[in-house]
Amino acid sequence: MKGFILSLRSEYYKSRKTGGFWSPIILPIILCALIGYNFYVEAARWKEMPSMLLWMRFSGIILGIMGTLLLPILIVFISYSINSVEHKADTWKSIFSLPIPKASIYLAKIVYAILLILLCLLLFCIFTIGLGNLMSHFKPELRFTDYSFSSYLISVYFKLFLSSMGILSIQFLLSLLFRDFLKPMGIGFAATITGVIAVTQQWSWNYLFPYSHPLLAMQSLAGPHKPNILGIMILPEVQIFTREVWVSLIIAAVVFTAGFVIVQKRSVK
Amino acid sequence: MVISTQNLTFNFDKQTVVKSLNLQVPEGAIYGFLGPNGAGKTTTIKLLLNLLAIQEGSISVFGKDLLSNRIEILAQIGSLIEQPAIYAHMTGRENLINRAMLLQVRRSKVDEMLELVHLTGAANKKAGQYSLGMKQRLGIALALLSDPKLLMLDEPTNGLDPNGIIEIRELLVKLVQEHGKTVFVSSHLLAEVQKMATHVGIINKGELLFQGSIKELDTISKPTIQIEVTDSVDAANLLKTNKYMVNDVDDHFIYLQYTNKEDMGDINALLVKNGHTVFSLVKHQKDLEEFFLSITQNA
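Here the protein sequences line up with chains A and B, keeping their order.
Residues in the first sequence are numbered from 1 upward in steps of one, following our numbering.
Residues in the second sequence are numbered from 1 upward in steps of one, following our numbering.
Keep in mind that the hints were calculated from the coordinates and are not lab data.
Worth double-checking, as some hints may not be accurate.
[Stated by the list, open to error] Using 25 Å as the maximum straight-line C-alpha spacing, the simulated BS3-like pairs for lysine-lysine come out as follows:
hint: 1; chain 1: B; residue 1: LYS149; chain 2: A; residue 2: LYS88
hint: 2; chain 1: A; residue 1: LYS2; chain 2: B; residue 2: LYS126
hint: 3; chain 1: A; residue 1: LYS2; chain 2: B; residue 2: LYS64
hint: 4; chain 1: A; residue 1: LYS265; chain 2: B; residue 2: LYS64
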């Protein structure tokens, strides 16, 4: 456990000046700021919209961009960045000759990658809620504050997070095995595009393909919004553990374990 | 023995890179592991650090089996393998802090190491901007950071200027003599190893050709004296009549067996006294290639 914590701290220390660490922070800032600004400027278009739909509209734009393309690409980049630090510096030989179990080093890298994805999605969630409330403050006709949307949005982002674990595991393994940039990035890009096509064309097996999972997770949220007994529109409950989320988690468990076995057995050349 | 291997063998695909190696590194030794490029030195070091899986044979370090005591053994080893493994986007100090963090070494040790390898002035410069020699020195500082009992250094003087080479040599001697460390250092330069090693192992094509103390090596390596004189044949006859063993003579040079430096002075005096002009009198140490030849021919 001590080796794991030391390795995790070291991962942060090594990456804190790299794009791998800053991209999951900068991406939500830029994307939310751009979309928020546009929403604010065009406030007149949304002033008649009910509060819940306003939230759905605003968060949907961000989620749509994230879920379809940006999240898989971000995962590809973060996985590459965490392992390329060692490939570039040729430091696998030195970290594996330290008195720290190989399993702790491997696990720390995976957990650090997961934490960065989690941080990114958490920031998206915080910025979406924050910007909605901020817009209401400056333009009261945007009635974001009339509806509490945070628990729903947190559930949605949590589902998106879980659905991305399959991609993360595969990209992490590819980046661990290949030291060059092109293989993991190229495979990641091609698979992401295939995933989008598989979902948009409604291929029957798409739930088995991890690169389709974030988009499928987003699609599963687009259910009808029904009024309650008082006639008020309510959001459907988020079904987090849907088929694609389970498949994503199973793939992650299998691939992360395979990576662990490879690290244990593989020689450092 | 600090390091002991028994019939250590390693194959890359179908090629045997290390063949039945039986290394014996005593405590408190500077063990020079000599061999030309591609002889199997780095592979052996990687096996000793468990970076490569043992295929045949066994390794014990500090009297314990490496495989079953990996973490305990690695905690007492500092290593530098091939070119230094350094994060280029971090400064020299940050590289050391990162390693200190992993090894749970106090931060003040970082500054001590920077001082030791003369990198204090460049501590806050990105390591990617370091010269090869500076990187090598940082690599040595990283290896020494945890104050290990055993240092394994793979060609540590690569890329260093003559001053740097002398400094590293003096540092290693000091670590052994004053701090009781054991140093296992690989090199392809016989002369370099002879200047600091107490014990030597010579490897070629994966096989250990020689292992023993530096005195035993000196006995085998038999340096020669090369003399350039006006009349080499006449001078050679003079030396023979004075019971010096002349190995060879040509138009310009005489070659004799080296015994000690006093003899060299006597030879010079004898030649000059008998009217010969001595242009040069040089002790010629066999280079590694010649030495390999002599070992294999003797074997």
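Now for the hints, and whether the structure bears them out:
{"no.": "1", "hint": "B:LYS149 - A:LYS88", "result": "violated (30 Å)"}
{"no.": "2", "hint": "A:LYS2 - B:LYS126", "result": "violated (29 Å)"}
{"no.": "3", "hint": "A:LYS2 - B:LYS64", "result": "holds (24 Å)"}
{"no.": "4", "hint": "A:LYS265 - B:LYS64", "result": "holds (21 Å)"}
Hint check: violations occur at hints 1, 2; the rest are consistent with the structure.
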